[in-house]
Amino acid sequence: MSVPSAALASQVARLPFDGVCLDMQHGMIGFPDAVGMIAAINAAGRPALVRSLWNDAATPGQCFDAGASCVIAPMVNTRAQAEALVRAAKYPPMGARSWGGYTALQASGLTPAEYLREANRMTMVFAMVETVEALENVEAIAATPGLDGLFVGPSDLSITLSKGAGVDKTGKETLAAMARVAQAARANGIVAGAFGGSAEVIKTYLGLGYTFIAAAVDVDLMQWGAADLNRTLAG
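In terms of the numbering used here, the sequence shown opens at residue 15 and continues consecutively.
Derived by calculation from the structure, the hints in this document are not laboratory data. It cannot be assumed that every hint is accurate.
To be verified - For each label pair, taking beta carbons as the anchor points, the in silico distance ranges come out as:
1. T246 <-> P107: 56 to 62 Å
2. W238 <-> P107: 43 to 49 Å
3. P107 <-> G180: 43 to 49 Å
4. V233 <-> G180: 19 to 25 Å
5. S212 <-> E150: 27 to 33 Å
6. G180 <-> G221: 18 to 24 Å
7. L124 <-> A20: 22 to 28 Å
8. G223 <-> S16: 26 to 32 Å
9. A21 <-> Q197: 40 to 46 Å
10. T246 <-> M108: 48 to 54 Å
11. G33 <-> V233: 16 to 22 Å
12. N202 <-> L130: 24 to 30 Å
Fair warning: this is a prediction, and the values are worked out from it, not measured in the lab. A virtual CB, placed ideally from N, CA and C, is assigned to each residue, including glycine.
Let the hints inform the model, and build the full structure from the sequences given.
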């Protein structure tokens, strides 16, 4: 989702998808918006995921405290940056997440002791692979203890691979790079994820072994629905 609306998030969470991801990086969603949207998504029985604005130390814990199930962090280019991400997202001894997730604790139905014991298992953190530097370090990044998955930004990855020549999410070089990312994830027992954007792209990535795909953006779904209605009326 890119549109900041808890009412819309509640409706999207009732569509036939496995979860709803809030895009704080490229969407219009700020953290105050995300709090209400996460609650609405969780109330609909779906997990709420957040793509953070950047790879910073504050956002993962804040989003988990609000009840998010997963944080996807952009621009993780090195093993050291991946380790810092895990420290920010996980409680000790795995990380250094600060205690104080009142909303998440209450929504979980667990006692504080139970939540502390289970939180690292209940929450996931993904490192985005979207640059040549990250691709060169992907095996080391994937092996970071506590990291739950890799998430490819194929548009940015294709831009950096082509040295700014263009976006090609299913180009030969992009798919070869994505196959390498998927292999690194499999080798370390973590999730291989990516942004899809269309049915054709999703099918291609599934064929590469990706098991977690951001299907489409809310505004695209609205545009496609309107276009389909107009085609049907014209026919």
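Satisfaction of the hinted span 19 to 25 Å by the C-beta atoms belonging to V233 and G180 = holds (22 Å)
With respect to the beta-carbon atoms only, verify the hint that T246 and M108 lie 48 to 54 Å apart.
-> holds (52 Å)
Lying within 43 to 49 Å: is that true of the beta-carbon distance W238 to P107?
-> holds (46 Å)
Take the C-beta atom of N202 and the C-beta atom of L130, compute their distance, and say whether it sits inside 24 to 30 Å.
-> The hinted range 24 to 30 Å holds for N202 and L130, with Cβ atoms some 26 Å apart.
Lying within 43 to 49 Å: is that true of the beta-carbon distance P107 to G180?
-> With a Cβ separation near 45 Å, P107 and G180 satisfy 43 to 49 Å, so the hint holds.
For S212 and E150, compare the CB-CB distance with the range 27 to 33 Å and indicate the outcome.
-> This hint holds: roughly 28 Å between Cβ atoms.
Distance restraint hint 16 to 22 Å, applied to the beta-carbon atoms of G33 and V233 = At 18 Å between Cβs, range holds.
Range hint 26 to 32 Å (beta carbons of G223 and S16) holds or violated = holds (28 Å)
May I ask you to test the hint 22 to 28 Å on the CB atoms belonging to L124 and A20?
-> The hinted range 22 to 28 Å holds for L124 and A20, with Cβ atoms some 24 Å apart.
CB of T246 to CB of P107, is that within 56 to 62 Å?
-> holds (57 Å)
So the hint says 40 to 46 Å: do the beta-carbon atoms of A21 and Q197 match that?
-> holds (41 Å)
Taking 18 to 24 Å as the hint, is the beta-carbon distance of G180 and G221 inside that range?
-> holds (23 Å)
In this structure, every one of the numbered hints holds.
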